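**Q** As a plain string of letters, each chain reads:
Number of protein chains: 2
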Amino acid sequence: MAVKKLGAGVTRTDRTLMDGRTIRYYDTKGQVREAVDERPAEEQPLIGEMRLDPLNNEWVVIAAHRQGRIFLPPKELNPLAPSRPGFLTEIPESDYEVVVFDNRSPSLRPPESQFLAPENPDFSAPAIPAAGKCEVVCYTSDYDSSFKDLSHHQIRTVLEAWRDRTAELSTLPFIQHIAPFENRGEEVGVTLNHPHGQIYAYSYLPPKTARMLEVAQAHLKNTGRVLLDDIIAREISEGSRVIVKNQHWIAYVPYASRYPFEIHIAPLNGVADLVALNEEQCNSFAPIAKEVLQRLDGVFGVTMPYIASWHQAPVRTGREALRLHWQIQSIRRAPGKLKYLAGSESAFGAFMMDLKPEQSAQQLRDVSL
Amino acid sequence: MAVKKLGAGVTRTDRTLMDGRTIRYYDTKGQVREAVDERPAEEQPLIGEMRLDPLNNEWVVIAAHRQGRIFLPPKELNPLAPSRPGFLTEIPESDYEVVVFDNRSPSLRPPESQFLAPENPDFSAPAIPAAGKCEVVCYTSDYDSSFKDLSHHQIRTVLEAWRDRTAELSTLPFIQHIAPFENRGEEVGVTLNHPHGQIYAYSYLPPKTARMLEVAQAHLKNTGRVLLDDIIAREISEGSRVIVKNQHWIAYVPYASRYPFEIHIAPLNGVADLVALNEEQCNSFAPIAKEVLQRLDGVFGVTMPYIASWHQAPVRTGREALRLHWQIQSIRRAPGKLKYLAGSESAFGAFMMDLKPEQSAQQLRDVSL
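Sequences listed follow chains A and B, in order.
Positions 6 to 374 (this note's numbering) are the ones given, in order, by the first sequence.
Positions 6 to 374 (this note's numbering) are the ones given, in order, by the second sequence.
Calculated directly from the structure, the hints in this document are not laboratory data.
The structure presented is a predicted model; accordingly, all values stated were derived computationally and were not measured.
Be aware that one or more of the hints could be misleading.
Identical copies look the same in the list; a pair holds intra-copy or inter-copy alike.
As the list claims (entries may be wrong) - Think about it this way: if two alpha-carbon atoms lie no more than 27 Å apart in a straight line, the pair counts; the simulated BS3-like pairs of lysine-lysine are:
(1) Lys361 to Lys213
(2) Lys226 to Lys213
(3) Lys361 to Lys9
(4) Lys80 to Lys153
(5) Lys295 to Lys153
(6) Lys295 to Lys10
(7) Lys361 to Lys250
(8) Lys10 to Lys361
(9) Lys34 to Lys10
(10) Lys80 to Lys295
Next up, chain A with everything else stripped away, as it sits in the complex (with noise of 0.2 Å):
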């Protein structure tokens, strides 16, 4: 059993689950994991298939096992909570600080054999194997808390594992993007309410990030500028939709945000993606992190819904151009009142914002923590 030494004395064991995933603990406190998965073993399901819808050119996954998978169990079945006796869950350990675990109904599966998405498909391309890795991120074992509810030191556990997985999934040679994020609240269609994310190893640059991509690298063409560098000097210069600031993050509503409440955060020195961070800018992402998702909860006094993504750039390609940034998007614009992604913005993809962003900052900057 091998334990991994990372930053901010955080070790990592691997073991093994009873269908062959991997288990990986993440541990401040030199934790052993020795539990064993005593559930029966079962078959991993087959990998899906990538079809390339033709009007766009944009891959879309077929993983057709998935139907059946589980929905919002109450507490007592919640299958991340830690296993105890009578009750085995994905997590064999009786307790746990961070676990990233291989997802047990995965979209994107590791491919069989030597495998790459051809880069520029056309009407022509053959569907090909659903390629990547898709996996799970407890960030606590305690199931009422929620990300804003983490300490500071659990923040820093959660970043490191994230910067892990980055690093190593980056060493896989079918990966081209990996995006950990976090869906939250059953109003984005949340199917465990344990705090967890989730990470997706792509095989192929996901529509959303190729067009950023492409306008990153005109721009840099351009202006001899990093975008993401222009923006941040802009919501600065500005100073509107800024929320927060310390000395090496940012966290301001975008010039342009397609939703009623949506956040960005961003070091102020930019980088690649969240290996390349550094010391300084890992211990001070915490503070600024839980600061504005508790603002984001205080807007209504309730319970946002939101997604959290982390942008990084691609792992093989616009290193130069792209720059890490953590998107957290959430649909409620009133109390009993939901955004809903309708005709304009899911058929043509043309976004109508009911808030202006600066309202959405005042708003945000005006919660008392």
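Dock chain B against chain A, hints included.
**A** Quick look at chain B alone, frame taken from chain A:
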């Protein structure tokens, strides 16, 4: 009061509402439409603004006046009902067949002066007026109806209204793209349950249309063929995703659909837009449209939420490459379950489907009507 004669024996009569907006009555029995809007005059909201999202060079519309709009009123307060003594609605007449009126809280409005959105905006693009036009299309005066419950005659009248609006909006110099669509069901954010759709006429190419145009133009250049012709040829040849076909139209689940139930309906002889449909194509649309929507509601025996959108060629470009089709997308994946656009879809544009398109086509074909 001008009365205009359209196809299929439809006449159009225009009237002005209390705030200067236009309402158009589409009739088939030569009705005289003289009712005056007796509500107190009110100011129209100001035009919103469009800001360029610098991360992907896409316009985002900010129309902050829309937060207060009416939300799911009960049937007796339905603003899309005909007016009656003591209850004055958006439609001054005491009955109607089909009406199209300017939206009272539009995201997009005609600009004050000569206006053209910049063609290749970048980071330095200033905010501009949210130019365009938003209209509401009432399919019937019957609150308890639905598009699928309309008679063939009624659907033919709605089609004539869509065609007339497309033709007229195409003449406005600030309009680049015209998109009739319908949001159906509270699950997709409908705020009025009366059977109705909308028309958004954009002063810019919506991002998804721009992307489809780019891909279709590349296909035309590389192969000499129109992309949608090739797509329909493949659907006919493979057959497994075809739901129904008549002499002039085909309905199929697309090869790489993004939603549990997604249906595309297109004329077999492709045309650029609704205006270009010939008489026979117009007359054979209603039977296939009605059948497909009946099948959709039949799959689970429940009223399905959907977004139905007409994709047309843009007004001023790409008319050689893009072809008309009607896209119906439903997020219901099982009787009690919806598909949500969570992290992978919302933040990265990478769609994960739980259901094979062939399987969903089979379910739609298996419905007994």
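**Q** Give the relationship of Lys80 and Lys295 under a CA distance limit of 27 Å: within one copy only, between copies only, both, or neither.
**A** within (25 Å within a copy, 45 Å between copies)
**Q** How would you label the pair Lys295, Lys153 (within, between, both, or neither) given a Cα cut-off of 27 Å?
**A** Intra 5 Å, inter 49 Å, cutoff 27 Å: intra-copy only.
**Q** With 27 Å as the alpha-carbon cut-off, assign the pair Lys10 and Lys361 to within, between, both or neither.
**A** Intra 46 Å, inter 43 Å, cutoff 27 Å: neither.
**Q** When no copy is named, should Lys361 and Lys9 be tagged within, between, both, or neither for a Cα gap of at most 27 Å?
**A** neither (47 Å within a copy, 41 Å between copies)
**Q** Have a look at Lys295 and Lys10 and pick one of within, between, both or neither, based on CA distance no larger than 27 Å.
**A** Close inside one copy (26 Å), not across copies (63 Å); limit 27 Å.
**Q** When no copy is named, should Lys361 and Lys250 be tagged within, between, both, or neither for a Cα gap of at most 27 Å?
**A** This pair counts as within: shortest intra-copy Cα distance 21 Å, inter-copy 46 Å.
**Q** Check Lys226 against Lys213 for me: Cα-Cα at most 27 Å, and say if that holds within a copy, between copies, both or neither.
**A** both (20 Å within a copy, 25 Å between copies)
**Q** Please work out whether the CA atoms of Lys80 and Lys153 approach to 27 Å or closer within one copy, between two copies, in both situations, or in neither?
**A** Intra 20 Å, inter 42 Å, cutoff 27 Å: intra-copy only.
**Q** Between copies, within a copy, both or neither: which fits Lys361 and Lys213 at Cα up to 27 Å?
**A** Intra 23 Å, inter 24 Å, cutoff 27 Å: intra and inter.
**Q** How do Lys34 and Lys10 come out at 27 Å by Cα distance, when the copy is not named: within, between, both, or neither?
**A** This pair counts as within: shortest intra-copy Cα distance 12 Å, inter-copy 81 Å.
Consistency with the previously given hints fails for numbers 3, 8, ordered from lowest to highest.
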